[in-house]
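Protein sequence lines, in the order shown, are assigned to chains A and B.
Each residue of the first sequence is one higher than the one before, counting from 1 in our numbering.
Each residue of the second sequence is one higher than the one before, counting from 1001 in our numbering.
Please keep in mind that the hints were generated in silico from the structure rather than gathered at the bench.
Hints are supplied without guarantee of correctness; some may be wrong.
To be verified - In silico lysine to aspartate or glutamate, EDC-like type, Cα no more than 20 angstroms apart, as pairs: (1) B/K1097 - B/E1217; (2) B/K1203 - A/D60; (3) A/K89 - B/E1260; (4) A/K89 - B/E1061; (5) A/K119 - B/D1031.
Claimed, not checked - On the chain A side, residues computed to face chain B include the following (Cβ under 8 angstroms): (6) Q90; (7) P94; (8) G120; (9) L125; (10) P128.
Only a predicted model underlies this, so the values are computations on that prediction, with no experimental measurement involved.
Idealized CB from N, CA, C, for every residue including glycine.
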Amino acid sequence: MFRRTTIIAGLAAMLLFPMVTTPVLAHHSNANYDETKTVVLKGTVAAWDWGNPHVLMVWDVTDEATGKVVRWESFLASVESELSDGLTKQSFKPGDPVIMTVHAAKDGSPHSVAYEVQKGDGTILCGPCVGNKGPRQNK
Amino acid sequence: MRKIVIGATVLSAALLASFFATAQKRVTGLDVPVVTPGPGWKACPRCVNQAHIDDDRAKAEVDTRQFDKHDISGVWGDNGVELDVKSVPPFTPEGQKMFDATLTNVPGVNAKDPMNICDPLGFPRAFAYNYGMEFIQVPGRTLQFFEFQHTWRTIWTDGRKLPTDPPLDRYLGYSVGHWDGDTFKVESSGFDTRSWLSEDRRKRVHGFAHSSDLRTEEEYTRINYGKLQMTLRIIDPKVFTKPWVTTAVETLRPNNELSEYFCVPSEETQFNSFSTLPTASGSKATGLGPDSK
């Protein structure tokens, strides 16, 4: 079942991801992400999931040296909060270039919390992407 | 020589273009467009940034406008009134057991939080949660709407008393209110014990549970047109050795309307299926390690 605002491309690629068997839950803390530093990952949008509880960016990052493609995920705040940042459901579509600055997962997996979102041309859409009212814990 | 000059010119142009490209500023403040459903509709309190909030409040002259002290209607805040965890009272022995029992069993996730499966927040958690709130006053009742989970509670002002032994406990309890001078006072009881008073946001691995003896007392005083002084007293002698008091001043949002923020179980499921969140047991790193910035 997909939200009407969600457009998924290359879904078969996601089968390359091993699914975690532990039930995972929304409304989590950021304890599993390294908030002491950020990483910049340029890539191509696979999905711009504009919905609650968290807006989710899914994008493919290519290792220029090896050509290997890794699908990353990064969550932002709620739709309401991201509207205050100036983001909309039309901000991205699959295939768009994107530059994500994120706090990456501590275990090295391609999961993250978004810090800054840029279009491919460098236009900064939000940063920090927390609803523009200062740090908030993701809910 | 000519080739070197051309090359240098091209390089300079490229560097200049690169500089302007990376120097693009983000749109901030009033430059960020306000998104509404359409003409006549308003953005939700959380859907606008601080510049818009300040602008709206200035245009409504919230600090100087004449107001009725017995009118607390309007949309207030966008970030709830978070319980003051700095002043959490000591637990009773029973209360400590209840608190300990909420400890999560999934690293990085407050797994036992009933909100995770979209159970109602209940009161006072809905009051404390970080979305907007709206009062509407009608004869005999004051309605308090909570944006998160799109719910409301009825505060009866028709003189009735709180039920001493309600037939059914409620997530939002039973509430009665009256005016004491210029302060609207509310008393509530009859709460369903499945709700948490709040998540414990100090480490986000516990929640503050409560007993069926929970009572709450609130006071609302309109300081001026744009500010509402609030006090919440949580009284649960089975859990805490003394009342837990939180005070705050909420600001009026004259140009906002509450959004529909349901907690949707299917959205939670879809989000969770999308995002294989890392856990202590570790999800496999399937590819590149990130390059640190």
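Right, here's what the structure says about each hint:
no.: 1; hint: B/K1097 - B/E1217; result: violated (25 angstroms)
no.: 2; hint: B/K1203 - A/D60; result: violated (33 angstroms)
no.: 3; hint: A/K89 - B/E1260; result: holds (17 angstroms)
no.: 4; hint: A/K89 - B/E1061; result: violated (33 angstroms)
no.: 5; hint: A/K119 - B/D1031; result: holds (18 angstroms)
no.: 6; hint: Q90; result: violated (10 angstroms)
no.: 7; hint: P94; result: violated (14 angstroms)
no.: 8; hint: G120; result: violated (10 angstroms)
no.: 9; hint: L125; result: holds (7 angstroms)
no.: 10; hint: P128; result: violated (11 angstroms)
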